[in-house]
Amino acid sequence: MTAYSGYDWKQPEWATGALILANGKIFWAKGAGSEGIAVGEVCFNTSMTGYQEIITDPSYAGQIITFTFPHIGNVGANPEDYESTTPSTRGCIFRSPITKPANWRSTSSLDLWLKNRSLVAVSDVDTRQLTNEIRTGGTQTGVIVHQSQKPIDVDELLQTAQSWPGLVGMDLAKEVTCKNTYVWNSDEASTEKYCEQLPPIKHHIVAVDYGAKQNILRCFANLGCRITVLPASATSAEIFSHTPDGVFLSNGPGDPASTGIYAVPMIKEVISSGLPVFGICLGHQMMALALGAKTEKMHHGHHGANHPVKNIVTGRVEITSQNHGFVVASESLPTDLMVTHRSLFDNSLEGLRLKDKPVFSVQYHPESSPGPHDSRYLFELFLEMIDSKE
Amino acid sequence: MPRRNDINTIMIVGAGPIVIGQACEFDYSGTQAIKALREENYRIVLVNSNPATIMTDPTMADRTYIEPITPEIVEKILELERPEAILPTMGGQTALNTCLSLERTGVLERLNVEMIGAKAKVIDKAEDRLQFREAMSEIGLESPSSLLIKDIADAEQGLKKVGLPAIIRPSFTLAGTGGGIAYNREEYFEIVKGGLAASPASEVLVEESVLGWKEYEMEVVRDYKDNCIIICSIENIDPMGVHTGDSVTVAPALTLTDKEYQLMRSASIACLRKIGVDTGGSNVQFAINPKNGRMVVIEMNPRVSRSSALASKATGFPIAKIAAKLAVGYTLDELDNDITGVTPASFEPTLDYVVTKIPRFTFEKFPGTEASLTTSMKSVGEVMAIGRTFSESLQKAMRSLETGLTGLNEIEIPGAFNKENKTLYEPDVLRAALGRPSPDRLLIIAQARRLGMSLSEIERVTRYDKWFLEQIDNIVQTENQVIANGLPNSYDELISLKKMGFSDARLAELSKVSEKSITELRRSLSLNPVYKRVDTCAAEFSSQTPYLYSTYEGNYSNPGECESKPNNNKKIIILGGGPNRIGQGIEFDYCCVHAAFSLSEAGYETIMINCNPETVSTDYDTSDRLYFEPLSGEDVIEICKLEETRGELLGVILQLGGQTPLNLAKALEAQNIPILGTSSESIDLSEDRKKFQKLLQKLNFLQPENGIAASKEEAISVAEDLSYPILIRPSYVLGGRAMEIVHDIESLEKYISEAVNVSGESPVLLDSFLQEATEVDVDMLCDKEGDIYIAGIMEHIEEAGIHSGDSACALPPFSLSDAILDKIQKQASELARALKVVGLMNIQFAIKSDEVYFIEANPRASRTVPFVAKATGVPIAKIAARLMTGELLSEFKLGEGFLKTAPKQNHIAVKEAVFPFTRFPGVDTILGPEMKSTGEVMGLDVDFGHAFAKSQIAGGNHVPVTGNVFISVKNGDKDQTTELARRLLEMNFNILATRGTADYLTKHGIKVMTINKVLEGRPHVVDAMTNNEIDLVINTTEGSQSISDSYSLRRTALTQGIPYYTTIAGARAALMVIESLNRRGLDVAPLQSYFNN
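Protein sequences, first through last, are from chains A and B. Heads up, our numbering is the position in the first sequence plus 694, with the first residue counted as 1. Heads up, our numbering is the position in the second sequence plus 328, with the first residue counted as 1.
Calculated directly from the structure, the hints in this document are not laboratory data. Heads up, some of the hints might be wrong.
Said to hold, decoys possible - Derived DEER-like restraints, expressed as beta-carbon distance ranges: (1) 811/B x 863/A: 50 to 60 Å; (2) 783/B x 843/A: 24 to 34 Å; (3) 1417/B x 831/A: 56 to 66 Å; (4) 1074/A x 1417/B: 56 to 66 Å; (5) 831/A x 806/B: 30 to 40 Å; (6) 843/A x 994/B: 50 to 60 Å; (7) 841/B x 706/A: 23 to 33 Å; (8) 670/B x 1049/A: 25 to 35 Å; (9) 832/A x 366/B: 38 to 48 Å; (10) 856/A x 818/B: 24 to 34 Å.
Positions of the beta carbon are idealized from the N, C-alpha and C atoms, including for glycine.
Work out the full structure, taking the sequences as your base and the hints as a guide.
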C-alpha cells in the first residue's frame, strides 16, 4: 500500500483532520463538528443554499457530502429546516471553516449543531479539486477524520476506506426508515409559507418510508392530505389495511436492487390493486424495477439544485433538486412504461408513467428543500389522479 | 420553436453616451445581442450616438446609425430601413423610453414594427410604480406602503401615509435621478418638488422607508414557453437606502436559508409572469426585514441592466446574448451553455466562489457636493473580484479599485481620536461616520474595529449584516497578528494569509518590510496563486472556456489545483483599463477589445486581464483567455509568469488600457516581462517633464513657458517669471485632476494651500496659459521603423483651457489653415520618431498666432481613438496592436494619412462631451482644465452645422431655432458678442442681457432688453429662466467673484434643461447649428454609407 504520488503522508502541525480516499489520496484538513472517524462514499452537492436540509436528508445515508459552495454555516441551524430528525449522512467536507451564523431564524451555530449530532466534518480542503476528482474518477470511498489530540494514523484509515464495501448492494433504507407506523403530525407542516393555515383534509395517503424527506409529507399536508407513514418493510396487506386513497413511495439511500428485494413484491401488488401510486427517487427506481425495468449505478450521480429536467408531455423545463447515485436504465423499459421527464444535462431518465394506470414517478425531488419549487405540481397531479379515480 | 422567420430586419437601440447609471454595460449587452442575432442571419440596424462603443463598429451591425437617440431621429431611421422588429431591452432606460414614445405616438404601428423582447404594455406596467404595486399585491407580494403623487399639493397626504423617513421615487427616470430620502418635513417637500420636475410623467411615489433592511436582487430569464431560470442572486452589503449601483454587493446571496431564498426565487418568477415579460432578462429587487424576514418587492426592470451585466460576469451565463435569442423565438432548452459546451442554457448557474462588486466614485471631481450616498446613483464605474472566500474577493476588489488601496487599508476619521488620550476614541464621532452612507464605509468599519468599537455597536449603527461584519473583523484581527508578530515564513502560515486575499503590498505595509521581499519569500517557497475556472456549474461538468480567476488553495502537503492550463501558442497579454472613472472609460475598453480581435485575426493567442464587469473586454469570448483579476503589479505578474511556462509569451500590451497599465511598465520590466510597443523608457521620456522639455528644445519645438515648484514660495516666484494666467497642476495627473487656471497670486496661494500637498516628492507644475488659443488633438500611428500615419487632427470648439475630454471637437478641423495643419503633422511625426513610438500616440497642441505649441504627448491610446476610427473609417486600434507585434504600416495600405484623406472626406464628425452635473446638487457646471464629463456623443453629417447639431441633440442639449436668448459676457468677449447678437436677431431671437452687456450691445446698435442680475434684485434672470422665459443662455465669466455670482444661473439652466454655453467659441458653434437647422432639418445616414465610395 503506497501513497498516491504527489500526496504527502506526513501530518502537518495545524492539521486536526484529514480526508483519505480509497485510492490513496490524502487531503490534510482542519476538523469541524464532532471528533471521530467517518467512512462512506464521497459525493458532492452543488447547492448554494440549504445545507441543513441536505445534511438531514436521509438519502445521504452511507455518504460523505462535499459541499462545493465555499462558505457553509452562514445561516447557522434552526429548528425548522429539518428533513429528518436524525441526520443519516456520514459526514461533511467543507472548503472553509464553518462561519458564524447570521440569520434571524438561527438558533445555533452549524459547528455546535454538528457536534450535538456526533457528525464529523473537515474543512480547508480544496473542494473544487475534490469535485473534479469525483467527476473524472467517479464516486469513491473515503474516510474523514477529526482528531485533535493524537496523530492521525493514515495507514489504518486508508485500510478502513479500502475495506468499506461501497453502496452497490447496500440496503440502507432499512437503517433510516421509521421503526413503526405513525400518522404524520400536520402541526409540523410547511415552514415554507410561514404558518399558512392548512386546508381541510380531503385525502388519505400512505407513504412508505425508505428515508423520506419531511418536506414530501409537508407538501402533501399543504394540499389537504392525511398521511400515514409505514416502515420500509411494509407489505401490501399492511398498506391496504389503512385504506388509503393513494400510495406514495419515498426517496431513500442505497441500492434500489437491494432494498427492492423486499419492496418490489409489495409495489407490484399495490400497482395491480389499481391504487394511484407516486414514487420519488428510490421509490421511483423501485417502482421501475417492479414494472420490469433495470437500475444501474451512475458514474458520479446527480447532486445539486440546478438540474434542468424537461417535461416531455408539456415541453416545459423545470429546474430541479436532485440527489441520486443510481438511475433507471432507459433501454430496459417495458412498453407499457412511458418516459415523462428527461434530464437536459445528460438525457438520463427522470420520470415515468404507466400508460394504463394512475402510476407515476420521478427521479428528482419535487419537494425540493433545498431547491427550486418548480415541480410542486406533481403533488397536485397525484391528487388529481386520486380524484379522477374516485 | 427555432428562430422566427417572419422577421428579417431588427433594429437595436443603444443607450447613448455614458452617464451615471448607464455606462458601458449596455455596450456589452448590445454587442452580445448584435452578435447573437447576426449569428441567426438577421439583418441588424443599430442606432447609438456613442462612438466609443464596440457595438457601433461598422462591422458589427449591418447598418450603423451614429445618430441621436430621440424618437424623431429613430423614426427617420425606421422609415429608411423598415425593420419588422425593434429590440428595446438592450439599451437601458434610454432605449426603453425612446421605444415607448414611438409606440405611444403610433409610429411603430404606422411603420409596422413589432417590439420584441418587451411589449409597451409590459414596460409600462413594470415602470409605472402604481401599476406595478397593484400587480404585486394581486399575486400576494407585499410592497412598502406608499402613495403616488402627481402634484405638490398631494404631498402632505403622502407624508401622513408613509411617515418619516420617507423615500421619494420619481417615475420613469434613470438610476433614481431626482429621488432621495427625506428625514424631515422640509427635506420631504423639497425632494418631492425636485422629483416631480425630474419625472417625465410628473409623478413621484412616496414610500414607507425600509432603510436598513437587507437588499437583494434576482436576475431572471424567461422564454415564451414560460420557462424561468434564476441566473444569479445578488446581496447588497449596504442595506436599503443606498442605490444598488452605489452599493457594495456580493453574489451569490450569502445570508439566506434555502427557505427564504426559494420564497424570493418563486416571487421573482411570479413577478415576471404577472408583469408579462414574455422573453428575456429582468431583475427584481427585494428588501427583507432582518428582524423577522418580512419580504417586500421594491422594483423590477424589464430589460437587461447593470446588474445583469454583473450577473453575467459573476456566473459566466451570457444574459444579453440569451435574451436576444429568446426574443426571436428560441426557448431556453434549445440554446447551449457556451461555457460547458455540453449542457443547455436552461439551468441555473451554481457558483463555488464569491463575487464582490465595489462601485468607484469621483466625488473629488465635484467640490461643493457631499460624498454621501442615497437612492440616486452617483458612482461612475465599478470593479468586480472573484475569490474562493468572501474576504479574498473583498480584498481583491479593494485593490482593483485603483484608488491607492492595497486591501482594507486604514482610513483617517477626522476627530475619531480622543484629544487627551490617544488610546480612546470618540464614540459619537465614530458613530456619525459609520451611520452616514458613504463610499468609504467598509474602511470606516474596519477602522472602527481598530479603534476598539464593538461589533454589535457597529452592527447597530451601520445595519450591515453581522456575517459581513464578522468577516471584516476577521481581516482586521489577522492584520493585528501580522502587525504584532511580523510575517510568518512557513508555507502553511503564509498561504493562510494569502487565502484571505491579502496582497503582498498590504502584507508589506503591515509587517513593515518591502513588497519585494514578500514576493521573494513567496517565490522561495513556491507559493503561487492557482487559477480556477468560472464554469457555471461548480465543476460538475468540465469547462471548455478559459474564464479564470486567481485564488490561493491547499497547503504545503496538498498544493491547490490549478486549472489554467496555458496553451503551447504564441500569445499576447492585453491589460485592460480597470474601473471606469472620469478620464478613463469605455474608450480604452474599445481599444483593448480591438487589439484582441486583430491579434486573434493575425493568429496569436490573446489573453485579457481586467476587473471591470461592465465591459466587452471581460466577455469570455472577446479574447482566447480571460483572467478576471485586479490590475495590480502582483496580480498581473503572476499571470505572466504562469503563461510563460508554456508556449511563447511575446509580451504584454500596456498602451491601450489608459493610464492604468502604463503605471505597471516598470514593475513588469523589472521581472523581465516583455512589453509590446513603445518601450517603458520612451513612456518615461514623455511623462518626465524635464526630459520631455529637453527633447522638445532639441527638436526646436515650442511649448508654453513652464516651471516646476516644490514649495509655495517657489511656485510664487516661478509664476511671476511666467506671468499670469498660469495653468497649475500636480506632477502626476489623469483627466486633469486638480488642474486649475490661476489668474493672480491670491488664487495661486489658495490653490497651493487647499488643493494639493506640495513637496519635493510631489511638486506642482506651472505652465504659462495661452489665452484664446485653439486646442488641437492629434492621434497617430507609428511603426517600429518610424513610418507614421496621422490618423486624425481634431480641432476643439472650446478654446484651450477646457480639458480636452470636456471640449467638443471636430474632425476634420473647421478653421485651421493648411499651413498650420502641415506644421502640426510635421512636428507630431518628428516627435513620434524621436520617442520611438510603436503603436499609438496622442498629442495635444495649442495654436496661437500661427504658432504651434506642444501641450502634452501621451504615447498610448487616447480617449479619441474610437472617435477617430469611426470618423475616418480606419480601425486604428486594431492596426496599432499589429504594429506592436512588429508589422509595418505599409502592410495596411492606409495611404498617406490625415492631410491626404481629410479633404476627400465628404463628411464632418463632431464629438461632444456629456456631464453628470444633475447628479451632484450644488456643483457648479462651469468647465475648466479638470475633466468632468462621463461620456461622449458623436454627430456625423455633411457639414459642420448639422454635425454639431446632432452632437448637441444626442448629448441632450436641445438647441432652439428661435426664442429668447440671454447673454452675459465678460469684458474680453464683448466685441465678439456683437456679431453673435446680430446673427441671433436675424434669426428672430429676442435678446436679453445684463446691464453691462446690454449697454455695450445697445451702443453697437443692437436691440436688447435689460434684465437684472441675481444680485440686482427681483425679478432677475433666474426668475425668468425658472418661468421658462429663456430658451438659450450664453454666459462667459472670469475671476472667482463673477464665477460665483453667476453660479445660480448655470445651475438653473441645468435643472430647467436650458441649453447654455460658457464660452464664446461654444456659442458661435451653437449659432452655426441654429443657422444650419433653419436651412434644413436633420437627415440620417448609416455610418457605412460614408465610406462606401
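Hint check:
| no. | hint | in the structure |
| --- | --- | --- |
| 1 | 811/B x 863/A: 50 to 60 Å | holds (58 Å) |
| 2 | 783/B x 843/A: 24 to 34 Å | holds (32 Å) |
| 3 | 1417/B x 831/A: 56 to 66 Å | holds (60 Å) |
| 4 | 1074/A x 1417/B: 56 to 66 Å | holds (59 Å) |
| 5 | 831/A x 806/B: 30 to 40 Å | holds (36 Å) |
| 6 | 843/A x 994/B: 50 to 60 Å | holds (53 Å) |
| 7 | 841/B x 706/A: 23 to 33 Å | holds (25 Å) |
| 8 | 670/B x 1049/A: 25 to 35 Å | holds (32 Å) |
| 9 | 832/A x 366/B: 38 to 48 Å | holds (42 Å) |
| 10 | 856/A x 818/B: 24 to 34 Å | holds (32 Å) |
Consistency note: the structure conflicts with none of the earlier hints.
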